[in-house]
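From first to last, the protein sequence lines are chains A and Z.
Just so we're aligned, residue 1 is where the first sequence starts under the UniProt record's numbering, counting upward by one.
Just so we're aligned, residue 1 is where the second sequence starts under the UniProt record's numbering, counting upward by one.
Some hints could be false.
[To be verified] Counterexamples of contact, computed for chain A against chain Z with all Cβ distances above 12 Å:
#	residue
1	Glu89
2	Arg132
3	Ala192
4	Ala208
5	Pro219
6	Asp242
[To be verified] Using C-beta positions, here's what the derived DEER-type ranges look like:
#	chain 1	residue 1	chain 2	residue 2	range
7	Z	Gly218	A	Thr5	54 to 62 Å
8	A	Glu258	Z	Ala246	15 to 23 Å
9	A	Glu233	Z	Arg132	50 to 58 Å
Keep in mind that the hints were calculated from the coordinates and are not lab data.
Beta carbons are placed, not taken as given, at the ideal position from N, Cα and C, and that holds for glycine.
What follows is the residue order along each chain.
2 protein chains.
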Amino acid sequence: MPPRTALTVWPLEGIPEVLAGTDLVSVIADAAGGDLQDGDILVVTSKIVSKAEGRFVVADDREDAITSETVRVVASRTTPSGFTTRIVENRLGMVSAAAGVDASNTPEGTVLLLPVDPDASARAIAGGLRERLGVQVGVIVSDTLGRAWREGQTDHAIGAGGVDVFEDLRGGTDAEGRPLVVTMPCVGDELAAAADLVKGKAARLPVAVVRGRADLVGPLDLPGARSIVRPLERDMFRLGADEAYAEGFAAGLASAAEGGVGAAD
Amino acid sequence: MPPRTALTVWPLEGIPEVLAGTDLVSVIADAAGGDLQDGDILVVTSKIVSKAEGRFVVADDREDAITSETVRVVASRTTPSGFTTRIVENRLGMVSAAAGVDASNTPEGTVLLLPVDPDASARAIAGGLRERLGVQVGVIVSDTLGRAWREGQTDHAIGAGGVDVFEDLRGGTDAEGRPLVVTMPCVGDELAAAADLVKGKAARLPVAVVRGRADLVGPLDLPGARSIVRPLERDMFRLGADEAYAEGFAAGLASAAEGGVGAAD
């Protein structure tokens, strides 16, 4: 049988359709009943946070909505059949396809944008649940993201309140006593991934509870999921390969025109 | 209380030090005792698979070992203090730092390479456990990988035997009846991430059991984790931005030298 150290992950049943203005604290507290305890972590799908915050915008064209959410185009590619994938950085610093603009399960003619500040949303939900239920829970707001180099998608943490998103082992040592140099597990993303295994995308199970990592739950002002975003100066993939090549090519041409170094090099 | 649909994840206690030649099927079967049941998924850290397969190589210089495991350098960067990070594709198609060459928890003067064929390893362990214990289990071989655009690391599936690595929702519809076009959750990576939450890197807990997704467990010849690797022709980040820029710059110079288009453009 699973020992005491087990992690348990389950979806909250009975979350109703979330509308603009829905009080997520009430909805989650009602669905959880008396089941939550200190150290539980709730993983809340960003879509219901966006809906509760009324982040619907009228958009006949999803591509226009993506453009307006985009801070920076990282890469884009058009298939022979004319379908364009854009990998962009959005105003939250997240790099993803479609800037988090969601057109599935939304009313016809509208799309749903990401929450304005997912960390603030997570803190508000965690704080509300702590106050209402008297239990010290943490909250992750999750979103489904593709990855470079790997097919398919996994859920990631885009907001966090009252829960560590990194397990910092940098000061630790391995079993042989040598320092563990650069290991910093992103437990925020791992919690989101674990929760996705019980949620089901097509079903309405937007909230899961993870029990068994109470050590990660702490004050509401712990760093949020924004801290997971790698700063541009540390990012080796700030541009797609084709885009960077094109920039370099143009610069090479210009350099030749200016300096006349072309032939010799 | 957690309902029937819960996922439970726990580490196997009592896995001994794994040495070259250790029979992992025996070690895992002994540690699990009679606890495994049909549909359980074992997530096995690649390190113990490598050790059992004797993948130690003598290496005074870890960098040399990385070079020999590298098929293609994707990106590299040297910090002002002289520490170079190389993002490379290894012979398994995986893009990662250090080509999976591991120098922690290994005997002094040696490094550990990844398993020769992690999918084959996973199938052998799953098949061995099925035969020995009479239960239909699946096996994921996991490794810790960094990510583009996001700090820290998460565990990913690099081998799979008898378990689906993708949950294919592409043919499904959302709750409004519209087709779910391109959602293909990489449950293999999500299982690896969930398992990492109970493993602990510094402790010796290299195997975790995930119970609650028996629907993913199937025949041993299901596609392995190799199928997660995005083919180069679909990869928008086949080169780091600096590397692609440099290639483009050189091509731009050469083009100017050949065609003399520089000044006009």
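Hints, one by one, checked against the model:
With a cut of 12 Å on Cβ distances, A:Glu89 falls inside the contact zone with chain Z, its closest approach being about 8 Å. No Cβ of chain Z approaches the Cβ of A:Arg132 within 12 Å, the least distance being about 20 Å, so the stated non-interface status holds. Non-interface call for A:Ala192 relative to chain Z: violated, since the shortest CB-CB distance, roughly 8 Å, does not exceed 12 Å. Annotated as non-interface, A:Ala208 brings its C-beta within 12 Å of a C-beta of chain Z; the closest such distance is 9 Å.
Against chain Z, the non-interface label of A:Pro219 holds: every CB pair exceeds 12 Å, the least being about 21 Å. With a least CB separation of 7 Å from chain Z, A:Asp242 falls inside the 12 Å interface cut-off, contrary to its annotation. Taken as a hint, the range 54 to 62 Å is violated for the pair Z:Gly218 and A:Thr5, whose Cβ atoms sit roughly 29 Å apart. Separation of A:Glu258 from Z:Ala246 is about 18 Å and conforms to the stated range, judged on CB atoms against 15 to 23 Å.
Between A:Glu233 and Z:Arg132 the beta carbon distance is about 52 Å. The supplied range of 50 to 58 Å therefore holds.
The earlier numbered hints that this structure contradicts are 1, 3, 4, 6 and 7.
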